[in-house]
Structure formats: C-alpha cells, structure tokens
Amino acid sequence: MSGQTLYEKLWHSHLVEERDDDCGLIYIDRQLIHEVTSPQAFEGLRIAGRQPWRVDANFAVPDHNVPTERHERSGGVAGIIDPVSRLQVQTLDDNCRDFDILEFQVNDVRQGIVHVVGPEQGVTLPGMTIVCGDSHTSTHGALGALAQGIGTSEVEHVMATQCLLQKKMKNMLVRVDGQLQAGVTAKDVVLAIIGEIGTAGGTNHAIEFGGEVVRALSMEGRMTICNMAIEAGARVGLIGVDDVTIEYVKGKPYAPTGEQWDQAAAAWGELHSDDDAHFDRVVELRGEDIVPQVTWGTSPEMVLPVSGIIPDPASMDNAGDREATARALQYMGLKPGMAITDIQLDTVFIGSCTNSRIEDLRAAAMVVEGKQVASTVKRALVVPGSGQIKVQAEEEGLDKIFTAAGMEWREPGCSMCLAMNSDKLDAGEHCASTSNRNFEGRQGFGGRTHLVSPAMAAAAAVAGHFVDVRNW
Amino acid sequence: MKSFTVLHGLVAPMDRANVDTDLIIPKQFLKSIKRSGFGPYLFDEIRYLDQGEPGQDCTNRPINPDFELNQARYKDARVLLARENFGCGSSREHAPWALEDFGFHCIIAPSFADIFFNNCFKNGILPVELDAAVVDRLFEEMYANEGYSMVVDLAAQTIKTSLGETISFEVDEFRKHCLFNGLDDIALTLDSADAIRAYEQNWREKSPWLFGAIK
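Protein sequence lines, in the order shown, are assigned to chains R and A. Letter by letter, the first sequence follows residues 95 to 566 of the numbering used here. Letter by letter, the second sequence follows residues 26 to 240 of the numbering used here.
For the record, the hints were derived by calculation from the structure and aren't laboratory data. Keep in mind that the hints are not guaranteed to be accurate.
As the list claims (entries may be wrong) - Listed next, with one range per pair, are the computed distances between beta-carbon atoms: (1) R:R140 x A:F236: 38 to 46 Å; (2) A:A223 x R:K346: 49 to 57 Å; (3) R:V149 x A:L74: 26 to 34 Å; (4) R:K346 x A:T30: 37 to 45 Å; (5) A:E78 x R:P347: 56 to 64 Å; (6) R:Y425 x A:A218: 37 to 45 Å; (7) R:I175 x A:A223: 46 to 54 Å; (8) A:D216 x R:D411: 28 to 36 Å.
As the list claims (entries may be wrong) - Keeping only pairs whose Cα atoms sit at most 27 Å apart, straight-line, the calculated DSS-like set for lysine-lysine is: (9) R:K346 x A:K231; (10) A:K59 x R:K262; (11) R:K465 x R:K429; (12) A:K201 x A:K27; (13) R:K261 x A:K201; (14) A:K27 x R:K262; (15) A:K27 x A:K59.
Stated by the list, open to error - Selected chain R positions facing chain A (Cβ under 10 Å, derived; list incomplete): (16) H108; (17) Q199; (18) W355; (19) E490; (20) A498.
Glycine included, each C-beta is placed from N, C-alpha and C at the ideal position.
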C-alpha cells in the first residue's frame with residue numbers, strides 16, 4: 095500500500111463519517127467570516143432558530159468593501175459613504191455581537207484582508223481544516239492546512255454543524271525544482287503554472303506545490319502560490335509543513351504556547367506527503383525557465399513572459415480558442431503581434447490577498463526607491479494587507495518611499511482587487527495589478543487588468559509600460 | 026432548500042468558455058444582505074450598455090443588442106446551455122441566486138467549476154455535465170430551431186429535446202436525493218450530531234490547541 099498525500103492525511107484526520115461515492119462529512123476547525131458572503135448565512139440561522147455549533151471556531155473581519163482612503167476610513171463604520179457598503183459592514187458587526195463571534199472591526203489595527211490576517215494572527219494553524227465564503231481561502235493551504243472556499247449555504251451549514259459534506263478530491267502535485275532567477279517571484283511561478291495547466295487544470299483536485307523552488311520560498315511567497323490555486327480551478331492548494339512553516343507560526347498571537355506548542359509542533363511535523371504517496375497527476379516545471387509573467391487577456395491562463403508577443407487568433411487551430419482570444423483582445427484593446435512591453439498603463443495597484451504582505455511591499459519599494467511614477471500613469475495605489483503590515487511597513491520607512499515616488503499609501507482592505515469599494519478602474523484603463531483575477535470588469539466596469547508581481551507592477555509604474563524587472 | 030423534479034423549458038445560449046462568476050453577477054451587487062432580487066442584474070456588464078448599480082430599476086436601461094439572452098426568441102428560457110468551466114472564479118453564491126431569480130433552473134455544460142457546481146444544488150438549480158461533442162450538437166440544434174426546448178427529468182436522469190432525442194446524464198446519488206426532495210441539508214447533517222460530538226471530543230483530546238484559543 096502506498097503512502098498518503100498531505101491532502102489524504104488532512105482528510106482522514108477530519109473525517110467524521112464516511113458516506114458512499116467517496117463522500118464524507120469532515121469536521122471544520124476554523125471558519126473565517128467577512129461581510130460579503132455571511133449576512134444571508136446568519137439570517138438563515140435566525141430563521142431556522144439555530145445557534146452556531148462552536149462559537150470559538152469562528153473568526154470575522156470586514157475587508158471586501160471597507161474604504162482605503164484615510165479621511166473616509168477614520169470615521170469607522172459610520173463614516174463609510176456608500177450606504178449599501180456601510181449597511182453590510184454594520185451587519186457583520188451586529189451579527190458577530192449577537193452570536194458572540196470574535197471580530198476585528200474596521201479600525202482595529204489587526205483588521206485586514208481575511209486571508210492575510212488569519213495566518214498573521216495564528217488564527218490559521220497547520221493541520222486545520224479551514225473554510226471561508228471566499229474562493230481565495232486556498233491561501234491558508236500554504237501552512238499545511240486543508241483550506242477551501244465555500245458558498246453562503248455552506249457557510250451557514252458549517253456554522254450550524256461544524257462540518258462540511260463533500261466528495262474527496264483528486265490529488266495533483268506541481269513540483270518546481272531548480273532555482274529562480276533574480277527578479278522572479280512566487281507570483282511569476284504561480285502564473286507560469288496556471289499558464290501551463292490552464293484555468294480549469296486543477297478542477298476537482300487538491301494541488302500540492304512542492305520542489306526546491308517552493309521549499310526555498312518564504313511563507314509569504316508560499317501564500318501567494320496557494321492563493322492562486324483557485325485560478326487553476328483547484329479549490330485547495332497545499333504546501334507541506336517544514337521548518338519555515340513552524341518558524342512562521344511560532345509566537346503568533348493565537349498560536350499555542352508552552353507545552354501545547356511542543357505538542358502541536360510535533361504533530362505538524364507529520365504534515366507532508368509521504369515519499370511513496372500516489373498523485374493522480376504530476377506537473378513539473380524548472381525554476382530557471384520561469385521569467386516574469388504578465389497576463390494579457392481576461393482569464394489568468396492568458397499569460398505570457400514579459401518578453402512575449404500578443405497572440406494572433408487567426409493562427410489558432412481550435413475555433414473555441416480563436417473566439418476566446420479575439421474576444422479577450424477586443425475587451426483588452428490589444429492587437430495581435432504587439433509586444434507585452436508596449437502595453438501602456440494608466441493605473442498600478444499593489445495589494446490584495448495575493449500580494450499585500452510585507453515582503454511584497456519591500457520588493458515594490460526597492461524598485462521605486464528614488465524614482466518617480468511615470469507622468470502617464472494616473473495613479474498608483476499601495477494597499478497593505480493588514481493594519482499590522484501597514485505599521486511594520488511604516489516602521490521600515492516603505493510608506494515614505496512610495497509617497498516620495500508619487501504613489502498613494504492606503505488603509506488595509508481588498509480594495510481594487512475586486513473594486514467593491516470606491517477604488518476602481520475607469521472604463522478602458524489598463525492596470526498593472528498584483529491581484530489574482532483579470533476577468534472582464536473585475537477591477538471596474540470596462541477596466542483592463544494585467545496580473546503581475548509586486549516588483550513588476552512597481553517597475554511598470556515608473557516606466558509607464560511593462561518592463562523586465564530582471565534588467566532593472 | 027428548493028426542489029427540482031421535472032423542468033420543461035426553452036433553451037438559451039451562453040456561448041463562451043470560462044464564464045466566471047464576476048461575469049454572472051458583478052461585485053457591486055454583492056453588497057446586498059439579501060438572497061433575492063439578483064435576476065435583473067444577471068450578466069449585467071454584457072447585458073446592458075451602461076454600468077448597473079444595486080437597487081437600480083433596470084426597465085429603462087439601454088440593452089446590449091448583441092447579447093444573445095436579450096433576443097426575443099430566448100425570452101423566458103429556463104435552461105442555459107453553456108461551455109467549458111462554467112462558473113469559475115469567485116465562490117459567490119450570488120451567481121446561482123441570480124441565475125435562479127432570472128429563471129434558469131438547469132445549466133448544461135461540458136464542465137463546471139467546483140464551487141459553483143456545488144452552490145447550484147443548494148439553490149434548486151440542476152447543473153448537468155455532458156460530453157463536449159454532445160453540447161456542441163445541442164448548440165447547433167438550438168441555433169437552428171427557434172423555440173428549441175427540453176424536458177429535464179431528474180428522477181429519470183434524462184433530457185428530452187424538442188427534436189425528440191433523449192439524452193441520459195449522471196448525477197451524484199446523494200445530491201439528486203437532496204435536490205429532488207428539496208431537503209434541508211443542515212437538518213440532515215444534524216442527524217449525525219452524536220457522531221460529530223464523538224469526533225469532536227476525540228479531536229479535542231488529540232489537538233487541544235485547536236479549541237477555545239480565539240475567544
């Protein structure tokens with residue numbers, strides 16, 4: 095009998111009841127809650143007269159539509175100008191109060207993007223099962239946790255039962271061996287992986303990321319990779335626990351201490367796939383082959399090296415590809431044969447649950463230090479992932495570097511990643527964005543998103559167009 | 026939960042691959058704290074020529090004439106014929122809420138994104154996966170025959186087209202049972218409350234650091 099994958103270990107250790115057809119009722123250790131996908135779940139509990147199964151398994155933070163400009167933010171919930179957003183954030187506060195759930199409210203210094211705050215606070219721990227009504231919950235898999243996005247009905251289900259009924263996923267291993275070139279980051283690695291396997295490549299799979307390149311990454315970089323597992327269709331991304339993981343978790347506010355820490359750390363040491371584990375699919379990439387990536391289309395799989403040329407639909411054999419490419423080029427306002435480096439930018443956004451951690455901000459600051467945002471770029475936003483990161487960045491003087499370069503330094507939140515607050519693109523604008531989705535309208539009606547790493551976004555802000563940050 | 030038994034309805038196209046849930050229902054409508062009322066904003070960015078806002082009355086908004094669902098022949102359609110990886114991206118359940126509110130109770134595609142597929146069953150929508158070649162043919166038949174409709178029978182797991190063909194489809198037994206009977210799946214899971222408590226007690230002993238730490 096072969097060994098177990100990390101996914102299988104996590105699945106079996108949380109299995110409450112096995113059902114037919116590879117289905118099982120699995121126990122959920124942590125539910126993360128934000129303002130957008132929870133109100134209807136709380137309402138459902140109330141209508142049915144149900145109580146949360148285990149209040150202390152839940153944690154909430156508003157992030158999706160909080161304002162990021164200081165003047166609006168300083169008024170707290172009452173200061174949110176958009177009444178619809180205000181009501182939604184207020185509703186989260188009310189629900190957490192009524193159900194006695196721990197919440198970091200909008201102006202708590204610990205507030206931030208839920209997928210940044212969870213690991214940063216030790217609310218996310220290795221070996222946990224974690225759910226959240228948000229597809230980027232895959233982020234937490236970087237800590238060796240089985241973490242996945244769910245819909246609002248399942249949010250309510252987990253609140254009421256502490257369990258999720260689901261089909262066991264298949265196992266995929268993406269191994270990146272070798273070494274990355276200077277200037278190539280975790281973001282480029284995951285975009286290259288999505289370019290390789292496609293946006294549906296991981297559907298029905300849990301993707302484990304491994305190999306020398308992944309092992310050499312910091313926790314921040316690992317979170318960036320797992321964050322975008324969903325952009326390859328996999329609701330679960332995973333990275334086995336090693337010393338980097340344990341070091342990261344140690345001392346976090348909600349991490350275990352004393353005797354429980356020793357016990358936990360010993361248990362976490364088992365959280366990796368066995369050498370003889372079976373994977374249904376294995377994909378291999380070489381670190382040396384990966385160069386800075388830029389998306390040119392309206393799906394994350396429409397990605398090219400920065401040295402690339404916009405594809406020509408006419409040269410494609412498959413009718414579906416031809417149509418999808420032509421539609422994407424029309425939406426993006428790009429022509430076949432154009433160089434990626436000729437794409438002129440109107441806006442630059444550095445932030446989101448993909449790339450708003452301290453390491454991301456440092457990488458961007460290093461590129462713009464002593465330089466100026468190009469006059470053709472209308473605005474460049476830097477939005478830290480949490481209040482704690484904001485404080486740390488300010489202690490390191492990063493905010494001064496950004497503002498001296500002509501960039502805006504904002505309050506933490508999801509911001510222009512999905513533009514639910516007032517941070518949005520105008521129609522037709524091209525944006526170099528460190529976020530995760532380049533879908534039509536994602537960053538604003540008619541907005542044109544190009545996904546890149548923080549260093550690439552920063553370099554594009556200065557140059558006004560994409561440049562290869564390896565030559566910076 | 027809403028049930029699905031037999032559906033007889035007109036078929037309409039969403040003829041592009043990788044339709045994401047941002048396209049199905051754009052973010053500004055997610056600010057609602059309700060489950061209903063999303064139908065008028067389904068596919069908002071490609072259905073209208075202007076930018077929609079939550080709560081807006083859509084009756085006088087400029088319609089995009091190039092968007093297929095705006096054509097008179099697809100009015101009141103109940104079955105949506107779609108392409109690969111339908112429903113990818115965001116986990117927002119507002120996507121099936123919008124589709125259901127608009128009137129779509131069955132979606133046929135060669136493949137679906139995981140989270141969206143799961144969300145459909147919670148909302149009385151039957152997602153049906155068929156071979157890409159079969160879906161290609163259904164698209165051709167639909168385009169060639171105005172008024173093209175289907176009878177989708179969940180119990181029999183069949184689709185009968187208005188041209189007389191019967192096509193079988195697969196559906197997970199448990200999901201079928203819940204959807205057919207409109208069962209409350211929270212109540213079903215709570216039937217296992219004793220097993221959950223027993224698991225929890227054992228897990229607490231093994232992993233005490235996972236309990237009571239953040240309250």
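Does the structure break any of the earlier hints, and which numbers would those be? 1, 2, 3, 4, 5, 6, 8, 10, 11, 17, 19, 20
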